[in-house]
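Trainee: What follows is the residue order along each chain.
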Amino acid sequence: GAGVSQSPSNKVTEKGKDVELRCDPISGHTALYWYRQRLGQGLEFLIYFQGNSAPDKSGLPSDRFSAERTGESVSTLTIQRTQQEDSAVYLCASSPWTSSHEQFFGPGTRLTVL
Amino acid sequence: GQSLEQPSEVTAVEGAIVQINCTYQTSGFYGLSWYQQHDGGAPTFLSYNALDGLEETGRFSSFLSRSDSYGYLLLQELQMKDSASYFCAVKDTDKLIFGTGTRLQVFP
Chain A
1 GAGVSQSPSN
11 KVTEKGKDVE
21 LRCDPISGHT
31 ALYWYRQRLG
41 QGLEFLIYFQ
51 GNSAPDKSGL
61 PSDRFSAERT
71 GESVSTLTIQ
81 RTQQEDSAVY
91 LCASSPWTSS
101 HEQFFGPGTR
111 LTVL
Chain B
1 GQSLEQPSEV
11 TAVEGAIVQI
21 NCTYQTSGFY
31 GLSWYQQHDG
41 GAPTFLSYNA
51 LDGLEETGRF
61 SSFLSRSDSY
71 GYLLLQELQM
81 KDSASYFCAV
91 KDTDKLIFGT
101 GTRLQVFP
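As given, the protein sequences belong to chains A and B, one line each in that order. Okay, so the first sequence: first residue is 1 according to the numbering used here, each after it adds one. Okay, so the second sequence: first residue is 1 according to the numbering used here, each after it adds one.
Among these hints, one or two may not hold up.
[Claimed, not checked] Computed cross-link-like contacts, DMTMM-like style, restricted to lysine to aspartate or glutamate with a CA-CA straight-line distance of at most 20 Å:
1. K15/A to D63/A
2. K17/A to D63/A
3. K81/B to E9/B
4. K57/A to D52/B
5. K81/B to E14/B
6. K57/A to E68/A
7. K17/A to E85/A
8. K57/A to D92/B
9. K11/A to D39/B
[Unchecked claim] Cβ-to-Cβ under 8 Å is the rule here; a few derived chain B residues that face chain A:
10. G31
11. Y48
12. D52
13. R66
14. F87
15. G99
16. T100
Don't read these hints as lab results, they were simulated from the structure. Note that the structure is predicted; figures quoted are calculated from it, not measured. Just so it is clear, CB atoms sit at the ideal spot from N, CA and C, and this is done for glycine as well.
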């Protein structure tokens, strides 16, 4: 595709359930980033990948959050035992390489935890 | 700690000029970027400054002073479609640290 895609666009889940969010970066982009954006707030860095390795996981809020990436392609962000405070929009971005100054964002997944 | 401060909201009328300021305090600095985000939309890249001075891209300009840890985004000839949130972001090694965002409302 032409841009970054994310699925699902919306996810409603019950507290305590696990969720998986998917990101398809722009083809050929080696760097992939995950952010969280709470309503009316800025973007909170979670994790980034260079290829399929994650040099910086410092933004993951807790050990309930994990992410993986297959090669230089799809990435999944998994949230286990979801809590209401996990409700937010989860944004994925990609760039040609990590030194690129421009990141291309997907439309996000809006997660609601009831 | 790492922080980027922006005004929470700015209002202006069509055709006017508006400046959105950003001050930052981060452990690393490799450049200052600006992103635009319309309600419900994805952030889109506007500009990037790695060195001091002014960068101009059409109606938008961005300025950086590294000695003052300060930058701004200047929007000229405002249009209704410019109503959106604007985020400054510091590139810290390989990741972006975003500010809290400034909501710009343009009135006719």
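Trainee: Hints first: check each against the structure and report whether it holds.
Mentor: Results of checking the hints against the structure:
Distance check on the hinted pair: K15/A and D63/A sit about 16 Å apart at the alpha-carbon level, within 20 Å; holds. Note on K17/A and D63/A: the hinted pairing holds, with a Cα-Cα distance of about 15 Å set against a maximum of 20 Å. Distance hint between K81/B and E9/B is fulfilled; the C-alpha atoms sit about 16 Å from each other, no more than 20 Å. A hinted pair counts as satisfied when its Cα atoms are at most 20 Å apart, and K57/A with D52/B does not qualify at roughly 31 Å.
With a C-alpha separation of about 10 Å, the suggested pairing of K81/B with E14/B holds against the 20 Å cut-off. Between the alpha carbons of K57/A and E68/A the distance comes to roughly 11 Å, so the proposed pair stays at or under 20 Å and holds. For a cut-off of 20 Å, the pair hint linking K17/A to E85/A stands: about 13 Å separates their Cα positions. With a C-alpha separation of about 14 Å, the suggested pair K57/A and D92/B falls inside the 20 Å cut-off, and the hint holds.
Note on K11/A and D39/B: the hinted pairing holds, with a Cα-Cα distance of about 19 Å set against a maximum of 20 Å. Interface restraint check for G31/B: the shortest CB-CB distance to chain A comes to about 6 Å, inside 8 Å, so the restraint holds. Proximity of Y48/B to chain A holds as hinted, the smallest CB-CB distance being about 4 Å (cut-off 8 Å). Contact between D52/B and chain A, as hinted, is not supported at the beta carbon level, the nearest pair being about 16 Å apart and thus beyond 8 Å.
A distance limit of 8 Å between C-beta atoms decides the matter here; for R66/B the minimum to chain A is near 15 Å, and the interface restraint is violated. With its C-beta approaching chain A no nearer than about 6 Å, F87/B sits inside the 8 Å limit, and its interface hint holds. The interface hint given for G99/B is met, as the beta carbon of that residue sits about 6 Å from the closest beta carbon of chain A, less than 8 Å. With a least beta-carbon distance of about 4 Å to chain A, the hint placing T100/B at the interface is held under the 8 Å criterion.
Going through the hint list in order, the structure does not satisfy hints 4, 12, 13.
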